[in-house]
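Read left to right, the sequence shown gives residues 96 to 328 (the working numbering).
These are computed hints drawn from the structure, not numbers from a lab.
A couple of the hints might just be wrong.
Stated by the list, open to error - Cross-link-like lysine to any residue pairs, in silico, SDA-like; alpha carbons within 25 Å at most:
| # | residue 1 | residue 2 |
| --- | --- | --- |
| 1 | 252 | 225 |
| 2 | 205 | 252 |
| 3 | 205 | 129 |
None of these values were measured; they are calculated from a predicted model.
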Amino acid sequence: MSQAPMAKAATPYGPSPYTQFSDSPFSGIDFTTDPDGYFHLEDFEDGALDTPGVTASAGFVLPGLPGNTLTDSVDGDDGSVDGSGSAGTSFYSNNNKVLRFTFDASVLGKLPSHVGIVWTDVGFVDGDTPPTFTGRGDVVFRAYNAGNQLLKNVIAKNLGDGLANGGIAEDRFFGIRYYPGIAHFEIEMPNSGDWEVDHLQYGYVPTPALLPGLIGLGVAALRKKQEKSSESA
96 MSQAPMAKAA TPYGPSPYTQ FSDSPFSGID FTTDPDGYFH LEDFEDGALD TPGVTASAGF
156 VLPGLPGNTL TDSVDGDDGS VDGSGSAGTS FYSNNNKVLR FTFDASVLGK LPSHVGIVWT
216 DVGFVDGDTP PTFTGRGDVV FRAYNAGNQL LKNVIAKNLG DGLANGGIAE DRFFGIRYYP
276 GIAHFEIEMP NSGDWEVDHL QYGYVPTPAL LPGLIGLGVA ALRKKQEKSS ESA
(Lines of atoms letter the chains of each structure in order from A and count residues from 1; the text may use other names and numbers.)
(Lines give C-alpha, C1' and ligand atoms only; values in the text may rest on other atoms or scores of the structure.)
Protein backbone atom coordinates (compact mmCIF):
# COMPACT_ATOMS: atom_id res chain seq x y z
CA MET A 1 0.00 0.00 0.00
CA SER A 2 2.93 2.35 0.62
CA GLN A 3 3.87 2.22 -3.07
CA ALA A 4 0.79 3.97 -4.47
CA PRO A 5 1.56 7.53 -3.24
CA MET A 6 5.02 7.29 -4.80
CA ALA A 7 3.48 6.51 -8.17
CA LYS A 8 1.43 9.72 -8.06
CA ALA A 9 4.33 11.97 -7.09
CA ALA A 10 5.83 14.19 -9.79
CA THR A 11 9.60 13.96 -10.20
CA PRO A 12 11.39 16.90 -11.88
CA TYR A 13 14.59 16.59 -13.91
CA GLY A 14 17.14 19.32 -14.50
CA PRO A 15 18.14 21.84 -15.38
CA SER A 16 21.05 19.70 -16.55
CA PRO A 17 23.69 20.09 -19.30
CA TYR A 18 22.73 18.51 -22.63
CA THR A 19 24.64 18.00 -25.88
CA GLN A 20 22.86 14.96 -27.37
CA PHE A 21 20.03 12.53 -26.58
CA SER A 22 22.27 10.28 -24.49
CA ASP A 23 22.35 13.15 -21.95
CA SER A 24 18.59 12.81 -21.44
CA PRO A 25 17.46 11.08 -18.22
CA PHE A 26 14.98 9.24 -20.46
CA SER A 27 17.60 7.75 -22.82
CA GLY A 28 18.02 4.57 -20.78
CA ILE A 29 14.31 3.85 -20.25
CA ASP A 30 12.60 1.05 -22.16
CA PHE A 31 9.25 2.51 -23.18
CA THR A 32 8.21 -0.71 -24.95
CA THR A 33 7.57 -2.79 -21.82
CA ASP A 34 3.82 -2.13 -22.05
CA PRO A 35 1.52 -2.50 -25.10
CA ASP A 36 0.50 1.15 -24.64
CA GLY A 37 4.08 2.34 -24.29
CA TYR A 38 5.60 4.89 -26.68
CA PHE A 39 8.38 7.45 -26.93
CA HIS A 40 8.85 10.35 -29.34
CA LEU A 41 11.88 12.62 -29.78
CA GLU A 42 11.23 15.77 -31.82
CA ASP A 43 14.54 17.29 -32.92
CA PHE A 44 12.94 19.53 -35.61
CA GLU A 45 15.61 18.49 -38.12
CA ASP A 46 12.93 17.83 -40.76
CA GLY A 47 11.82 21.46 -40.46
CA ALA A 48 8.56 20.81 -38.62
CA LEU A 49 6.95 19.96 -35.31
CA ASP A 50 5.29 16.78 -36.55
CA THR A 51 5.70 14.05 -33.96
CA PRO A 52 2.24 12.71 -33.07
CA GLY A 53 -0.07 13.98 -30.38
CA VAL A 54 1.54 17.30 -29.47
CA THR A 55 0.91 20.92 -30.46
CA ALA A 56 2.69 24.17 -29.61
CA SER A 57 0.91 27.38 -28.60
CA ALA A 58 3.28 29.56 -30.64
CA GLY A 59 6.72 29.69 -32.22
CA PHE A 60 8.20 28.14 -35.35
CA VAL A 61 11.07 25.94 -36.49
CA LEU A 62 14.32 27.85 -37.02
CA PRO A 63 16.52 26.10 -39.61
CA GLY A 64 20.26 25.93 -39.61
CA LEU A 65 21.38 27.52 -42.88
CA PRO A 66 24.84 28.07 -44.40
CA GLY A 67 26.35 31.17 -42.85
CA ASN A 68 23.66 31.40 -40.17
CA THR A 69 25.32 31.53 -36.75
CA LEU A 70 22.19 32.53 -34.81
CA THR A 71 20.37 29.17 -34.78
CA ASP A 72 21.20 27.22 -31.63
CA SER A 73 20.31 23.55 -31.98
CA VAL A 74 21.33 20.72 -29.67
CA ASP A 75 25.01 20.15 -30.46
CA GLY A 76 24.81 16.58 -31.75
CA ASP A 77 21.98 17.20 -34.23
CA ASP A 78 24.39 18.09 -37.03
CA GLY A 79 26.07 14.70 -36.72
CA SER A 80 28.92 15.65 -34.43
CA VAL A 81 29.40 16.96 -30.91
CA ASP A 82 31.76 19.80 -31.74
CA GLY A 83 30.76 22.71 -29.51
CA SER A 84 28.39 24.37 -31.98
CA GLY A 85 24.64 24.15 -32.57
CA SER A 86 24.51 26.50 -35.57
CA ALA A 87 24.26 23.78 -38.21
CA GLY A 88 21.21 22.12 -36.66
CA THR A 89 17.58 23.16 -36.29
CA SER A 90 15.71 24.52 -33.26
CA PHE A 91 12.27 25.84 -32.26
CA TYR A 92 12.06 29.63 -31.88
CA SER A 93 9.82 31.53 -29.43
CA ASN A 94 9.01 34.26 -32.02
CA ASN A 95 8.40 37.13 -29.57
CA ASN A 96 6.53 34.94 -27.08
CA LYS A 97 7.66 34.70 -23.49
CA VAL A 98 5.78 31.44 -22.92
CA LEU A 99 5.60 28.33 -25.09
CA ARG A 100 3.00 25.72 -24.15
CA PHE A 101 3.15 22.16 -25.49
CA THR A 102 -0.14 20.27 -25.19
CA PHE A 103 -0.56 16.50 -25.51
CA ASP A 104 -3.55 14.72 -27.06
CA ALA A 105 -4.43 11.43 -25.37
CA SER A 106 -6.84 10.54 -28.19
CA VAL A 107 -3.87 10.42 -30.57
CA LEU A 108 -1.27 8.99 -28.20
CA GLY A 109 -3.52 6.51 -26.42
CA LYS A 110 -2.22 7.66 -23.04
CA LEU A 111 -0.96 11.00 -21.79
CA PRO A 112 2.83 10.89 -21.45
CA SER A 113 4.35 9.91 -18.13
CA HIS A 114 7.72 11.42 -19.09
CA VAL A 115 8.17 14.83 -20.73
CA GLY A 116 11.22 16.97 -21.40
CA ILE A 117 12.67 19.76 -23.52
CA VAL A 118 16.05 21.44 -23.96
CA TRP A 119 16.47 25.19 -23.66
CA THR A 120 19.32 26.27 -25.93
CA ASP A 121 19.72 30.05 -26.19
CA VAL A 122 18.46 33.59 -25.60
CA GLY A 123 19.31 36.82 -27.38
CA PHE A 124 17.47 40.07 -26.64
CA VAL A 125 15.78 40.58 -23.28
CA ASP A 126 13.42 43.31 -22.08
CA GLY A 127 15.20 46.66 -22.02
CA ASP A 128 17.84 45.79 -24.62
CA THR A 129 18.41 48.26 -27.44
CA PRO A 130 19.35 46.49 -30.70
CA PRO A 131 21.92 45.60 -31.78
CA THR A 132 23.08 45.24 -28.17
CA PHE A 133 21.69 42.19 -26.39
CA THR A 134 22.08 40.66 -22.95
CA GLY A 135 21.95 36.97 -23.82
CA ARG A 136 20.96 35.84 -20.32
CA GLY A 137 17.77 35.37 -18.32
CA ASP A 138 15.69 33.17 -16.04
CA VAL A 139 13.97 30.08 -17.47
CA VAL A 140 10.83 28.60 -15.90
CA PHE A 141 9.47 25.10 -16.57
CA ARG A 142 5.95 24.16 -15.44
CA ALA A 143 3.98 20.94 -15.99
CA TYR A 144 0.28 20.23 -15.46
CA ASN A 145 -1.91 17.16 -15.16
CA ALA A 146 -5.21 16.45 -16.92
CA GLY A 147 -7.06 18.47 -14.27
CA ASN A 148 -4.86 21.51 -15.05
CA GLN A 149 -3.20 21.21 -11.65
CA LEU A 150 0.39 22.41 -11.42
CA LEU A 151 2.70 19.45 -10.87
CA LYS A 152 6.09 21.14 -10.68
CA ASN A 153 7.58 24.58 -11.16
CA VAL A 154 11.33 24.60 -11.90
CA ILE A 155 13.26 27.86 -12.17
CA ALA A 156 16.78 28.23 -13.54
CA LYS A 157 18.38 31.57 -12.78
CA ASN A 158 20.29 33.62 -15.34
CA LEU A 159 20.80 31.01 -18.04
CA GLY A 160 22.81 32.00 -21.09
CA ASP A 161 26.35 32.78 -22.12
CA GLY A 162 25.84 36.38 -23.24
CA LEU A 163 26.25 35.34 -26.88
CA ALA A 164 23.97 34.39 -29.78
CA ASN A 165 26.29 32.29 -31.90
CA GLY A 166 25.20 28.68 -31.47
CA GLY A 167 27.24 28.02 -28.35
CA ILE A 168 26.18 24.92 -26.42
CA ALA A 169 27.68 25.38 -22.94
CA GLU A 170 24.43 26.88 -21.63
CA ASP A 171 22.05 24.25 -23.08
CA ARG A 172 19.87 22.77 -20.34
CA PHE A 173 17.38 19.91 -20.12
CA PHE A 174 14.12 20.43 -18.21
CA GLY A 175 11.73 17.56 -17.65
CA ILE A 176 9.28 15.74 -15.42
CA ARG A 177 8.01 12.25 -14.66
CA TYR A 178 4.39 11.82 -13.56
CA TYR A 179 2.85 8.40 -14.10
CA PRO A 180 -0.85 9.43 -14.08
CA GLY A 181 -0.12 11.59 -17.14
CA ILE A 182 1.10 15.05 -18.14
CA ALA A 183 -1.47 17.05 -20.13
CA HIS A 184 0.71 20.02 -21.02
CA PHE A 185 3.82 21.90 -19.99
CA GLU A 186 5.11 25.43 -20.37
CA ILE A 187 8.58 26.81 -20.73
CA GLU A 188 8.96 30.53 -20.14
CA MET A 189 11.48 33.34 -20.16
CA PRO A 190 9.83 36.13 -18.16
CA ASN A 191 12.12 38.80 -19.61
CA SER A 192 12.48 37.69 -23.24
CA GLY A 193 10.63 36.69 -26.39
CA ASP A 194 13.85 35.89 -28.26
CA TRP A 195 14.91 32.38 -27.30
CA GLU A 196 15.10 28.79 -28.56
CA VAL A 197 14.38 25.23 -27.47
CA ASP A 198 15.09 21.82 -28.97
CA HIS A 199 14.70 18.06 -28.38
CA LEU A 200 11.09 17.96 -27.26
CA GLN A 201 10.66 14.42 -25.88
CA TYR A 202 7.74 12.56 -24.40
CA GLY A 203 6.75 8.98 -23.68
CA TYR A 204 4.54 6.68 -21.67
CA VAL A 205 5.32 3.70 -19.47
CA PRO A 206 3.04 2.43 -16.69
CA THR A 207 4.12 3.03 -13.12
CA PRO A 208 6.71 0.52 -11.91
CA ALA A 209 5.36 0.99 -8.38
CA LEU A 210 2.27 -1.09 -9.02
CA LEU A 211 4.13 -4.38 -9.32
CA PRO A 212 6.15 -4.01 -6.09
CA GLY A 213 2.95 -2.94 -4.35
CA LEU A 214 1.09 -6.04 -5.47
CA ILE A 215 4.02 -8.26 -4.54
CA GLY A 216 4.19 -6.60 -1.14
CA LEU A 217 0.51 -7.21 -0.53
CA GLY A 218 0.91 -10.85 -1.56
CA VAL A 219 3.85 -11.38 0.77
CA ALA A 220 1.99 -9.74 3.66
CA ALA A 221 -1.06 -11.94 3.06
CA LEU A 222 1.10 -15.06 2.92
CA ARG A 223 2.84 -14.16 6.18
CA LYS A 224 -0.49 -13.52 7.86
CA LYS A 225 -1.76 -16.90 6.67
CA GLN A 226 1.38 -18.62 7.96
CA GLU A 227 1.03 -16.91 11.34
CA LYS A 228 -2.55 -18.08 11.66
CA SER A 229 -1.51 -21.62 10.73
CA SER A 230 1.21 -21.55 13.40
CA GLU A 231 -1.22 -20.31 16.04
CA SER A 232 -3.79 -23.04 15.25
CA ALA A 233 -1.09 -25.70 15.37
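Hint check results:
no.	hint	result
1	252 - 225	holds, 23 Å
2	205 - 252	violated, 33 Å
3	205 - 129	holds, 12 Å
Checked against the numbered hints above, the structure breaks only hint 2 and satisfies the rest.
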